[in-house]
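Q: In case you want the letters, here they are:
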Amino acid sequence: MKKLKSTLPNMAIVLTLISVLAGGILAYVNSVTKGPIAQLKEKNLADGIKAVLNAQDLKVQDSKTLDAGDVLYITDKGTAVKTITNGFGGALTVLVGFDNDGNIQGYQVLEHAETPGLGAKAGDWFQKDAKGDIIGKNPGEKELTVSKDGGDVDAITASTITSRAFLLAINNAYKSFKNAEVAAPAIEEKTVSAEPATEETTNE
Amino acid sequence: MAYILIFITAIFVNNIVLSQFLGICPFLGVSKKVETAAGMGAAVAFVLTIATIVTYLIQKYVLEAFQLEYLQTIAFILVIASLVQMVEIILKKVSPALYQALGVFLPLITTNCCILGVAILVANGTYASYNVEPSLLTGVVYAFSTALGFGLAMIVFAGIREQLSMVNIPKGMQGMAIALVTAGLLAMAFMGFSGVDGGLRQLFGI
Amino acid sequence: MSNFKVFMNGLVKENPTFVLLLGMCPTLGTTSSAFNGMSMGLATTAVLVFSNIIISLIKNVIPDMVRIPSFIVVIASLVTILQMVLQAYVPTVYESLGLFIPLIVVNCIILGRAEAFAAKNSAVSSLFDGLGMGLGFTWALTLLGATREFLGTGKIFDFTIFPEEYGMLLFVLAPGAFIALGYLLAIVNKIRKA
Chain A
1 MKKLKSTLPN MAIVLTLISV LAGGILAYVN SVTKGPIAQL KEKNLADGIK
51 AVLNAQDLKV QDSKTLDAGD VLYITDKGTA VKTITNGFGG ALTVLVGFDN
101 DGNIQGYQVL EHAETPGLGA KAGDWFQKDA KGDIIGKNPG EKELTVSKDG
151 GDVDAITAST ITSRAFLLAI NNAYKSFKNA EVAAPAIEEK TVSAEPATEE
201 TTNE
Chain B
1 MAYILIFITA IFVNNIVLSQ FLGICPFLGV SKKVETAAGM GAAVAFVLTI
51 ATIVTYLIQK YVLEAFQLEY LQTIAFILVI ASLVQMVEII LKKVSPALYQ
101 ALGVFLPLIT TNCCILGVAI LVANGTYASY NVEPSLLTGV VYAFSTALGF
151 GLAMIVFAGI REQLSMVNIP KGMQGMAIAL VTAGLLAMAF MGFSGVDGGL
201 RQLFGI
Chain C
1 MSNFKVFMNG LVKENPTFVL LLGMCPTLGT TSSAFNGMSM GLATTAVLVF
51 SNIIISLIKN VIPDMVRIPS FIVVIASLVT ILQMVLQAYV PTVYESLGLF
101 IPLIVVNCII LGRAEAFAAK NSAVSSLFDG LGMGLGFTWA LTLLGATREF
151 LGTGKIFDFT IFPEEYGMLL FVLAPGAFIA LGYLLAIVNK IRKA
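Residue numbers (the working numbering), protein chains in the order written: chain A, 1 to 204; chain B, 1 to 206; chain C, 1 to 194.
Treat each hint with caution, since some may be false.
[Claimed, not checked] Chain C regions said to be covered by chain B (calculated; three or more residues, Cβ under 8 Å):
#: 1; region: 70-79
#: 2; region: 85-94
#: 3; region: 168-178
[Unchecked claim] Once the Cα atoms are required to be at most 30 Å apart in a straight line, the calculated DSSO-like pairs of lysine-lysine come out as:
#: 4; chain 1: A; residue 1: Lys131; chain 2: A; residue 2: Lys178
#: 5; chain 1: A; residue 1: Lys34; chain 2: B; residue 2: Lys60
#: 6; chain 1: C; residue 1: Lys5; chain 2: C; residue 2: Lys155
#: 7; chain 1: A; residue 1: Lys3; chain 2: C; residue 2: Lys193
#: 8; chain 1: A; residue 1: Lys50; chain 2: A; residue 2: Lys64
#: 9; chain 1: C; residue 1: Lys193; chain 2: C; residue 2: Lys13
#: 10; chain 1: C; residue 1: Lys190; chain 2: B; residue 2: Lys33
#: 11; chain 1: A; residue 1: Lys34; chain 2: A; residue 2: Lys50
#: 12; chain 1: A; residue 1: Lys41; chain 2: A; residue 2: Lys59
#: 13; chain 1: B; residue 1: Lys33; chain 2: C; residue 2: Lys193
#: 14; chain 1: C; residue 1: Lys5; chain 2: C; residue 2: Lys120
#: 15; chain 1: A; residue 1: Lys148; chain 2: A; residue 2: Lys175
#: 16; chain 1: A; residue 1: Lys43; chain 2: B; residue 2: Lys171
#: 17; chain 1: B; residue 1: Lys60; chain 2: A; residue 2: Lys64
#: 18; chain 1: A; residue 1: Lys64; chain 2: A; residue 2: Lys175
#: 19; chain 1: C; residue 1: Lys155; chain 2: C; residue 2: Lys120
#: 20; chain 1: A; residue 1: Lys41; chain 2: B; residue 2: Lys33
#: 21; chain 1: B; residue 1: Lys171; chain 2: C; residue 2: Lys190
#: 22; chain 1: C; residue 1: Lys193; chain 2: A; residue 2: Lys5
#: 23; chain 1: A; residue 1: Lys3; chain 2: A; residue 2: Lys128
#: 24; chain 1: A; residue 1: Lys178; chain 2: A; residue 2: Lys64
#: 25; chain 1: C; residue 1: Lys5; chain 2: B; residue 2: Lys32
#: 26; chain 1: C; residue 1: Lys120; chain 2: B; residue 2: Lys32
#: 27; chain 1: C; residue 1: Lys155; chain 2: A; residue 2: Lys128
#: 28; chain 1: A; residue 1: Lys3; chain 2: C; residue 2: Lys190
#: 29; chain 1: A; residue 1: Lys137; chain 2: A; residue 2: Lys64
#: 30; chain 1: A; residue 1: Lys64; chain 2: A; residue 2: Lys43
#: 31; chain 1: C; residue 1: Lys190; chain 2: B; residue 2: Lys32
#: 32; chain 1: A; residue 1: Lys175; chain 2: A; residue 2: Lys50
#: 33; chain 1: A; residue 1: Lys77; chain 2: A; residue 2: Lys3
#: 34; chain 1: B; residue 1: Lys93; chain 2: C; residue 2: Lys13
#: 35; chain 1: A; residue 1: Lys41; chain 2: A; residue 2: Lys178
#: 36; chain 1: C; residue 1: Lys155; chain 2: A; residue 2: Lys131
#: 37; chain 1: B; residue 1: Lys171; chain 2: C; residue 2: Lys120
#: 38; chain 1: B; residue 1: Lys92; chain 2: A; residue 2: Lys5
#: 39; chain 1: A; residue 1: Lys43; chain 2: A; residue 2: Lys77
In short, the hints are calculated from the structure, not lab data. Virtual Cβ for every residue (Gly too), placed ideally from N, Cα, C.
Just need the whole structure built from these sequences, with the hints factored in.
A: Structural data, given as structure tokens:
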């Protein structure tokens with residue numbers, strides 16, 4: 001086949017054809033992959049909530065976004081809170097799970113820009129039975145701080161700033177969890193109002 | 001204050017070449033002399049700022065408006081390529097002096113990945129820290145500071161290479177090998193700035 | 001040139017990383033571990049092979065003056081397809097490579113091979129050229145990634161060789177990328193001259 005000459009109509013037709021073809025193919029691939037991508041995102045969040053609440057299966061009953069930007073996922077096994085603070089290298093996004101008394105059930109670092117090999121260890125460092133174990137602690141009884149600041153959590157070696165930022169995120173998450181409980185006691189009230197009623201029946 | 005923070009962070013802390021690895025090709029390719037390095041830096045600053053504005057507007061008013069986000073890469077690279085051509089033609093007509101200085105570098109800029117990279121970062125709003133709201137203005141400040149950071153890295157690196165060309169270097173290390181090791185040392189020096197943004201943030205109360 | 005020779009040319013003789021010194025941004029930016037380097041190399045190989053085949057098939061219907069824009073549209077479409085497929089089916093790779101996936105578009109190797117090889121040769125030999133160049137890029141990136149991971153954390157492909165505490169963390173960080181590639185290049189230069 002002979003090569004097409006570079007005349008204006010030739011060039012215009014070829015460029016348009018290629019662009020339209022490319023656009024069409026991309027639109028098709030987009031429509032195919034859109035579903036799986038959205039599903040994956042949902043599944044990731046659901047898995048994260050399950051992991052930090054230490055539960056195999058749970059139901060998310062309600063989710064709300066607070067003024068500070070924290071997001072609460074209220075489930076039948078406890079509450080997961082997504083919160084952001086400034087780490088050493090940028091934003092540090094953590095998902096923390098609390099049971100109904102405010103004890104930490106688990107956590108996951110969702111996004112971070114900490115130094116690899118140093119601050120980036122936060123994902124494992126504070127887990128159960130690791131060096132800086134915070135699982136089971138209750139930030140309401142005593143605010144979590146690193147031992148350098150008089151607290152009882154061991155900071156990541158050579159990464160005090162990341163450790164401080166991480167514990168700040170946990171404390172903030174706890175505050176959001178508590179505030180939301182005070183602000184929206186709708187679920188609590190029902191159980192409270194149900195109690196006197198049963199008492200009355202037993203009295204009689 | 002947020003603009004000063006973006007400015008300093010983009011130039012020193014997250015230097016586009018030495019810590020983000022964008023724009024390495026011109027960084028290694030045209031850094032033998034300080035003069036050419038400065039020319040390349042200026043050309044990048046010019047194109048990067050304009051390209052960021054144009055691609056940001058395209059992202060907001062064309063791609064997002066018609067839900068065509070998946071055409072981002074293809075749209076941006078075509079816009080950047082034609083923009084570079086246009087800048088070249090306009091510069092030739094309007095300011096021959098400036099064209100003389102920047103002209104040779106312009107064709108090289110289309111394949112400079114820091115232009116497309118920064119355009120994508122700004123359009124997706126992933127360049128700013130979470131408490132700085134992404135907008136056109138912060139995007140432009142970020143793009144311009146990034147370009148200054150690129151220019152700074154280029155000029156400093158070219159200065160070192162000019163000195164290096166006068167000394168004896170072991171045979172195997174000659175050429176690109178010693179240039180890369182030098183760049184590594186420079187990157188190490190720039191690592192000294194890490195954490196500065198955190199301090200500034202406290203200072204400014206952001 | 002036989003197809004085997006074309007293939008070996010990219011793999012060794014004109015290796016894009018160690019000999020042609022092309023595509024330095026992903027080479028340095030994604031090689032913090034052997035796995036990341038290999039993923040980036042394979043992603044680039046996929047785009048390179050398809051772009052080479054498509055461009056050599058359509059080379060005769062493209063007028064010379066709009067050659068480059070047409071090539072760019074083809075390459076950018078392939079990259080976008082790759083991006084969507086990775087995001088949907090291999091999300092871990094998509095996340096670890098991040099911005100460097102769309103930036104495959106401006107990787108000089110791809111446009112360079114389209115211009116220098118695919119626009120002049122048949123589809124079959126373009127396929128072998130793409131494979132050779134792509135895998136040449138892949139092994140170079142994997143080697144650099146493995147070097148950095150080994151020196152920095154004592155692991156290769158997450159397999160521990162010595163305890164992490166003794167690693168030189170610098171090699172995982174930005175400066176280590178430059179320094180490791182510099183010394184690897186010196187070693188390759190030495191071997192090639194010998």
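Q: With a cut-off of 30 Å on the C-alpha distance, tell me whether A/Lys34 and B/Lys60 pass.
A: Since the Cα atoms of A/Lys34 and B/Lys60 sit roughly 20 Å apart, the hinted pair holds (cutoff 30 Å).
Q: Is it true that the CA of A/Lys64 sits at most 30 Å from the CA of A/Lys175?
A: Satisfied, since the Cα-Cα distance of roughly 15 Å is no more than 30 Å.
Q: Going straight from one Cα to the other, do B/Lys92 and A/Lys5 come out at no more than 30 Å?
A: The given pair, whose Cα atoms are some 29 Å apart, holds under the 30 Å limit.
Q: Within a Cα-Cα threshold of 30 Å, do C/Lys193 and C/Lys13 meet the stated pairing?
A: holds (12 Å)
Q: Can you confirm whether the C-alpha distance between A/Lys43 and A/Lys77 stays at or below 30 Å?
A: holds (18 Å)
Q: Taking 30 Å as the top limit, are the C-alpha atoms of A/Lys43 and B/Lys171 close enough?
A: Not OK: A/Lys43 and B/Lys171 at ~55 Å, beyond 30 Å, violated.
Q: Is the hinted pair A/Lys175 and A/Lys50 satisfied, with a Cα-Cα distance of at most 30 Å?
A: Holds, because 21 Å separates the two Cα atoms, which is no more than 30 Å.
Q: Taking only the CA atoms, is the gap from B/Lys171 to C/Lys120 under or equal to 30 Å?
A: violated (37 Å)
Q: Regarding the pair B/Lys93 and C/Lys13, is the alpha-carbon distance no greater than 30 Å?
A: With a Cα-Cα distance of about 45 Å, the restraint between B/Lys93 and C/Lys13 is violated, given a limit of 30 Å.
Q: Take the C-alpha atoms of B/Lys60 and A/Lys64, compute the straight-line distance between them, and say whether it is at most 30 Å.
A: holds (28 Å)
Q: Is it true that the CA of A/Lys41 sits at most 30 Å from the CA of A/Lys178?
A: holds (28 Å)
Q: In terms of beta carbon proximity below 8 Å, does the region 70-79 of chain C have 3 or more residues touching chain B?
A: Three-residue rule met by the region 70-79 of chain C, so holds; n is 5.
The structure shown violates the earlier hints numbered 2, 6, 7, 16, 19, 20, 22, 23, 25, 26, 28, 33, 34 and 37.
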